[in-house]
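K.L.:
Letter by letter, the chains look like this.
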Amino acid sequence: MKYTPRPITENVNVSKTSPLREFFTLLLGILAFLVGVYVLLGLTVDLVAPRISPRLEDRLAGLFTSFYAAEDPASPQRARLQALLDDLSAAAGQDERQYQVHVVPDPLVNAVALPGGHIVLFSGLLDQVASENELAMILGHELGHFGNRDHLKGLGRGLVLVFLSAAALGVDSKASRMLQSLLVTTEMRFSRKQELLADAWGLELLVRKYGHAGGASDFFRRVHEQEGGKRFSYLFATHPYPEKRVRSIEMFISEREIPVGETVPFSRQSP
Amino acid sequence: MADLLILMGLIALGYFAGSATERRHYRSISKREEAFLHLPAVTFRSHGSLADASESRLVTGCAVISVDYFKRILAGLRALVGGRVKAYESLLDRARREAVLRMKEADPTADIIVNTRIETSSISKGGSNRQSVSTIEALAYGTAIHVKKKGT
Amino acid sequence: MILTNIETVPGKTIAEHFGLVQGSTIRAKHVGRDIMAGLKNIVGGELKGYTELMKESRKEATGRMIDEARQLGANAIVNVRYATSSVAQGAAELFAYGTAVRVE
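Residue numbers (the numbering used here), protein chains in the order written: chain Y, 1 to 271; chain L, 272 to 423; chain D, 424 to 527.
By construction, these hints were calculated from the structure, which means they are not laboratory data. Careful: at least some of the hints might be erroneous.
Residues on chain L that point at chain D, a partial pick, calculated with CB under 10 Å [as the list claims (entries may be wrong)]:
#1 Ser301
#2 Ser325
#3 Gly347
#4 Thr387
#5 Glu390
#6 Glu408
Note that the structure is predicted; figures quoted are calculated from it, not measured. Cβ coordinates follow ideal geometry from the N, Cα and C atoms, glycine included.
This is chain Y alone, in the form it adopts within the complex (with noise of 0.2 Å):
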């Protein structure tokens, strides 16, 4: 047998296509898809939230019970705060819910609404604080959160969100925990308005309490005049920007002309 000696110049094992348009069709399909069934998904979740009952609203609190048992449940600063929060409920007279509040030591800035009347206030929010009108407006504004049934639809998405990821990537894997960052951050943005609405609660609660809303917007000013810190980024992440928080409360404040007094000064020693 003869051997010809001839070379393979075209490779047919290879495909010519562009393998970067190959990604970039496959990363925006899939995102697209990904982002629409947890848009639709969450729809569902705003539509369902607020019918949830007050029952099932308590059976689901036992889910979160380790949120908070990092607490010393005997502290005088708590006993305080709850009365605190006791006179607003009371004065907004919106249900008649018992709301409890937790103080966890935490160094972050920053208070959670959970499922079950409970208000988490993490340590590091109660260092930044110095008038008792502030800590008015920051339980105020999660009361709000309770009025408008936000807790239960931040979590239902939140449930959203991990169903839809461990089924996308798998339970455990960097991809899933990448995604699920990215759909957080997507999903604070939608929630901004949320927080906007529920400042314009606090604000209400604040002045129904003190008669004037000195003190509503100092927080948030101060959290601004320290940005860049590096604890508050969680609070810049799931919260509008503090400056647009202050500027939203200060409309708010002149429109309806409602005088500012003075504030309360906040000890966070025992009295």
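Given the structure of chain Y, go ahead and fit chains L and D onto it with the hints provided.
P.N.:
Structure of chains L and D alone, referenced to chain Y:
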């Protein structure tokens, strides 16, 4: 956010470095394939040259090649959708051709290599990574035949 | 010892055969090589360390097969085949087998 930036950096690095490596490798492959055109590797078990062979021996060549980060992510995305995984095509092609070349280089003075076999296996990366098919080994082996020179 | 992967040893005749001979070795990845391989995994390309490792290991498996053939009094192994399988996470078995023969 920092995670995302690192990921994007790795993907970009993988894309640029990976395609540069691939181009260089293909250049080297085609140059050497040209140089070894005189030594055919066939899958025949028997061949006319076997009758007047003076020497025969087993020759092997292997290459372990890894895909770059960009293509690994691309294949991961493709795995979600299904379809042809183009990202791995060049990886396997390069590994096989490199292995065959190394087999020929193991005995460059041979006249023919008969019964050539090519085998591919994936080297598992370990850990919880699902995309373990990112490093592959290609092995080529056959019997190199030296034919008795005419007139000796 | 002459090794081929065809049924004969060209230019020689097989006088007798001794049946199957095999050699195998299981290797785990080397830690030092793995660090380099980790870097290479980002940019792609050949993992030279691994190529060397596979080559050495296959040589060892072939060597063991040859030892076995020598015990039987063979001077050639025909129809040699190689197989690779990953037996555990990060470990691979390299396996060589063939038929031991005596050629004249």
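K.L.:
The structure should be examined with respect to each hint, and the outcome stated for every one.
P.N.:
Checked hints:
Annotation: Ser301 (chain L) was flagged as interfacial toward chain D, and the flag is violated, the nearest CB pair being 16 Å apart, outside 10 Å. For Ser325 (chain L), the interface hint holds, since its Cβ comes within 10 Å of a Cβ in chain D; the closest pair sits about 6 Å apart. Given hint, Gly347 (chain L) at the interface with chain D, is violated; its Cβ is 14 Å from that chain's nearest Cβ, farther than 10 Å. For Thr387 (chain L), the interface hint holds, since its Cβ comes within 10 Å of a Cβ in chain D; the closest pair sits about 9 Å apart.
With a cut of 10 Å, the hint placing Glu390 (chain L) at the interface with chain D holds, because the nearest CB-to-CB distance is about 6 Å. At its closest, the beta carbon of Glu408 (chain L) sits 6 Å from a beta carbon of chain D; the interface hint therefore holds under the 10 Å criterion.
Taken one by one, the earlier hints fail for this structure at numbers 1, 3, listed in ascending order.
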